[in-house]
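Turn these sequences into a full structure, and let the hints guide you.
Chain by chain, the residues:
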Amino acid sequence: MRTLQIIARWLDDRLHLTRLWNETAGHKVPASSASWFYVFGSATLVCFIVQVLTGALLAFVYVPSASQAWNSLEYLNHAQYLGWYIRAVHEWGSTFMVAIMTLHMIQVFLFGAYKFPRELTWISGVVLLLLTLGMAFTGQILRFDQDAYWGLGIGASIVGRVPFMGGNLVQLLLAGPIIAGETLSRFFSFHVFLIPGLILALVSVHLRLVLAKGINEYPRPGHPVVKETYPDEYEDLLRKDGVPFAPHAIGKDLVFAALVIAGILICAAVFGPKGPAGPADPTIIDTNPRPDFYFLAVFAALALLPAWMEVVALFIAPIVLIGFLLALPFLFNTGEKSWKRRPTAVLSVIAIMTVLGVLAFMGETSPWSPRMDAWSADPIPVQYLRRRTPLQVRGALVFQNKQCRNCHSLGSTGGKRGPALDGIAGRMTDPEIVRQVIQGGGNMPAYGKKLRPAEVDALVAFLHTLVESGTSAARDSSIPPRIEPH
Amino acid sequence: MSDTARESDQGKEKTKGPSRRRWLLVVGVVLDGIAGLLLAIPLVGFVFSSVNNRKDPRSWIALGALDSFTEGVTKLATYRNPFTRPWDGPTANIACWVRRVQGNRFQVFAVNCAHLGCPVRWFQESGLFMCPCHGGVYYEDGSRASGPPPRGLFEYQYKVENGQLWIKGGEMPTLSNPA
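Quick mapping for you: the protein sequence lines, in order, are chains Y and F.
Residue numbers for the first sequence follow our numbering, so the first one is 1 and each next one is one higher.
Residue numbers for the second sequence follow our numbering, so the first one is 1001 and each next one is one higher.
Hints may be right or wrong, so weigh each one.
[What the hints assert, rightly or not] Okay, derived cross-link-like pairs now, EDC-like style, lysine to aspartate or glutamate, Cα gap no bigger than 20 Å in a straight line:
1) F:LYS1168 <-> F:ASP1032
2) Y:LYS213 <-> Y:GLU119
3) Y:LYS449 <-> Y:GLU432
4) Y:LYS240 <-> Y:GLU23
5) F:LYS1168 <-> F:GLU1155
6) Y:LYS213 <-> Y:GLU23
7) Y:LYS450 <-> Y:GLU468
8) Y:LYS450 <-> F:ASP1056
9) F:LYS1055 <-> Y:GLU182
10) F:LYS1168 <-> F:GLU1125
11) Y:LYS450 <-> F:ASP1141
12) F:LYS1075 <-> Y:ASP286
13) F:LYS1075 <-> Y:GLU432
14) Y:LYS213 <-> F:GLU1071
15) Y:LYS449 <-> F:ASP1141
16) Y:LYS28 <-> Y:GLU233
17) Y:LYS449 <-> F:ASP1056
18) F:LYS1075 <-> Y:ASP373
19) Y:LYS252 <-> Y:ASP241
20) Y:LYS274 <-> F:GLU1071
[Stated by the list, open to error] Far from chain F, by Cβ distances over 12 Å, these chain Y residues were calculated:
21) LEU15
22) ALA136
23) CYS267
24) VAL270
25) VAL434
Note that these hints are calculated values from the structure, not bench results.
Beta carbons are placed, not taken as given, at the ideal position from N, Cα and C, and that holds for glycine.
Structural data, given as structure tokens:
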């Protein structure tokens, strides 16, 4: 026992461990900051550590080569002992990391922690957010399946739209004129060396700033930040009400960290790893590329925005958004911190998260995409075929054969690109239907060249029967209705 | 903390005025600047090589005998990308849509949607190309029919020689390099 004490004292003397502890983990924080709302930052770091550990293990087996990457992932999934589980933990770790980082950011925003004098803490956090999203994007490329290949294609198409230097940027992104072996190696280097290195450096800066400027006290309504008095107030607070972060305030962080790790492990065990989907062979046309959930909102926005807004959304909006995030602590440098006195802040968070959530949901369901197999896979509901004339049944056949179903649903199956046609005859007269089919319009292609007159007749005869019960067929109001004789 | 501060204070006193120490500091910074520049030149040159050494990566590629393409039919053809590395694997297999209009008149479309590059699929019955990503649709001649694409499908240059159909490929078509 005495020997151990001597060794410990010697180490402490040589390494200054007590001093290090007192200046870092043991630094004083306001007692009010020992709150469940303050656990998200440390939990994000915990996720990052999980990612580093599992990522390093995956690199034991993963081959960063376009010809072998996909095979090595299949090997990890099926042949390597626990390979599937490490992949799953890495995948779920990233999901948790992005989610918890978002919570951390919302909390910091709503508690006014970005205000004077913690502007740089916020700014380093914004850069960390961008780097983490960079990890998410490069990570899904390393999966090197069809989603990754076409995701790269989308990335290249986006940078290809940059005015003047688009072509050069595509070459830089893809490391050549086309997606190939060097493209994957480049993304591997970014995902495994460059971005994690930057994250480590910036996390150090972020934590150093937390130590230098102190953790934000739990804001009280009616106590605005005033530049001249705040530093003294904060020091007073620490003197009167300060507790060492460890062991007094760290308890909730520790509990939450354990919950997060448990969450990752359980999700990984229950849901397993993601993909890889089909191999990155671009001759396999039959594919339905979707990004991971972090980018589904952007993916959806690109489908829903009108064409003229795309350049705005792709290039101007990110600059404005990131610029706004970086400028936020200077724009609202002082004043009220508590979210209870900042309705605009609360409403912005609700609005932004709602928009992102709805867009992500739409990205997942993609109602704007034609259902490629609906014309051959979804039969016409039987009630639409009962007691029909031969011409009408023939029209139903035309409807399926000409792939109308890929965009128009009947009986709620089929594409959602165009309107459902269950009650179409109640909304459009026959001549209107003919015009729409032949000339197209709105978002519908013109079928004039692809349909013979007899096919149009049959198709219209079929569509004419699609009236919802309780309503009547549409009619041209300029023609007086025929009065049925008694 | 205070130790280092004291040390640097002492240092300041000693480096006041033109001294050997001061001279070494200046020379050291300048030399390191030059060394850093010498290191940076190859690094930057390496990184930007894919942009700087840009020659036209495209070359003529045979897609197959003329007989394998029927008039009035659009079908998928595949080729091995000419700009390739031994470790490219299946990534270097590239597909394109070949439409034999009439006789030796062809249209060869890139599979990449003009919107954001996803692979469009051909539907013979309705004569449409449809994109699975954001719902872009094109007519059989490649012109835009509906959806977000800002233009029609990208078309490769083609030629007919020795009874073969050739296209000029090797580059991913984007709005800034339309095939």
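- Query: CA of LYS450 of chain Y to CA of ASP1056 of chain F, is that 20 Å or under?
  - Reply: 39 Å, violated
- Message: Checking a non-interface call: every C-beta of chain F should be farther than 12 Å from the C-beta of VAL434 of chain Y. Is that right?
- Response: 17 Å, holds
- Message: Check whether the Cα positions of LYS213 of chain Y and GLU119 of chain Y lie no farther apart than 20 Å.
- Response: The given pair, whose Cα atoms are some 10 Å apart, holds under the 20 Å limit.
- Item | 20 Å limit on alpha-carbon distance, applied to hinted pair LYS274 of chain Y and GLU1071 of chain F | Answer violated: LYS274 of chain Y to GLU1071 of chain F is near 43 Å, above 20 Å.
- Query: Can the restraint linking LYS449 of chain Y and GLU432 of chain Y be considered satisfied, given a maximum Cα separation of 20 Å?
  - Reply: 18 Å, holds
- Would the pair LYS1075 of chain F and GLU432 of chain Y pass a check requiring their Cα atoms to be no farther apart than 20 Å? Roughly 34 Å between the alpha carbons, so the hint for LYS1075 of chain F and GLU432 of chain Y is violated.
- Is LYS449 of chain Y within 20 Å of ASP1056 of chain F, Cα to Cα? 38 Å, violated
- Message: Would the hint linking LYS1168 of chain F and GLU1155 of chain F be met if the CA-CA limit is 20 Å?
- Response: Given pair LYS1168 of chain F, GLU1155 of chain F holds - Cα atoms ~10 Å apart, limit 20 Å.
- Verify the proposed pairing of LYS213 of chain Y with GLU1071 of chain F, using a straight-line Cα cut of 20 Å. 75 Å, violated
- Item | Holds or violated: LYS450 of chain Y to GLU468 of chain Y, with C-alpha atoms at most 20 Å apart | 29 Å, violated
- Query: Does the no-contact call for CYS267 of chain Y survive, Cβ to all of chain F over 12 Å?
  - Reply: Consistent with the label, CYS267 of chain Y stays out of reach of chain F, its closest Cβ about 28 Å off (over 12 Å).
- Hint consistency between LYS1075 of chain F and ASP373 of chain Y [alpha-carbon to alpha-carbon, up to 20 Å]: 18 Å, holds
Checked against the numbered hints listed earlier, the structure breaks hints 1, 7, 8, 10, 13, 14, 17 and 20; every other hint is satisfied.
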